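In terms of my numbering, the sequence shown opens at residue 2 and continues consecutively.
Derived from the structure by calculation, the hints contain no laboratory data. A hint or two may mislead.
Derived CB-CB ranges, DEER-like [as the list claims (entries may be wrong)]:
1. Lys-117 to Ile-183: 36 to 44 Å
2. Glu-184 to Ser-114: 29 to 37 Å
3. Ser-147 to Asp-171: 43 to 51 Å
4. Asp-82 to Thr-27: 31 to 39 Å
5. Ala-173 to Ser-24: 31 to 39 Å
6. Pro-44 to Trp-181: 36 to 44 Å
Quantities reported herein were computed from a predicted structural model and do not represent experimental measurements. Note that CB positions come from ideal geometry on N, CA and C, so glycine has one too.
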Amino acid sequence: MAITKGLDWHGPSARDAWATIDSLATILQNNKEWNRWEIGYNPRVVLMGHSNGGQGAWSAHYADPALRAILESSLTPDDNDLYLSNLVDIPILAVHGGSDTNVPPWHSREYVSILKTLGSKNVSLREVPNEGHWFSSVFDNEEVQSFLEAVLTTPRSLDLAKEFTLTVTDPAASGSLHGWRIESLVFPGR
């Protein structure tokens with residue numbers, strides 16, 4: 002399933018995108034004329050974004066393997082590196098222009114490096130030399146297409162990690178990870 006507009010994938014934008022998927026499944030299921038387009042509930046979803054949308058796609062992936070809940074933080078906005086432990090089991094391909102002066106490539110290098118240090122086995126960076134902030138082949142290339150094909154066709158694993166870290170700062174705006182959810186914090190925001 003592709004949602005081409007998600008604004009920046011933060012807050013209301015992300016909630017609207019997830020609600021759209023659930024609503025579309027219901028609409029298609031209830032209208033027999035449209036059954037050939039049935040997507041069912043809890044479909045595979047791949048989040049992609051460019052610039053702020055890409056930054057938002059990093060934050061929107063802080064969810065359980067089915068990507069049904071989104072971890073957000075109103076107390077530490079855009080500090081995605083704080084939550085990278087939540088992505089260890091999620092396949093990630095980061096694409097960045099090597100000559101980007103708007104968002105320096107070290108941002109993506111750092112995220113990928115942290116994830117690898119945390120034990121992620123399926124994270125990689127495609128840094129494209131001599132490309133800036135936007136370029137026409139950012140998504141339209143063989144590596145991205147192969148990644149999408151692999152993610153969308155590989156059967157979902159029901160094996161849960163034996164050990165994992167769930168990081169949240171605002172439990173009310175947070176989802177679950179491997180069936181665990183944090184209800185409250187002793188020290189809010191920490």
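Against the structure, the hints:
1. Lys-117 to Ile-183: 36 to 44 Å: violated (25 Å)
2. Glu-184 to Ser-114: 29 to 37 Å: holds (32 Å)
3. Ser-147 to Asp-171: 43 to 51 Å: violated (36 Å)
4. Asp-82 to Thr-27: 31 to 39 Å: With a Cβ separation near 36 Å, Asp-82 and Thr-27 satisfy 31 to 39 Å, so the hint holds.
5. Ala-173 to Ser-24: 31 to 39 Å: violated (23 Å)
6. Pro-44 to Trp-181: 36 to 44 Å: violated (23 Å)
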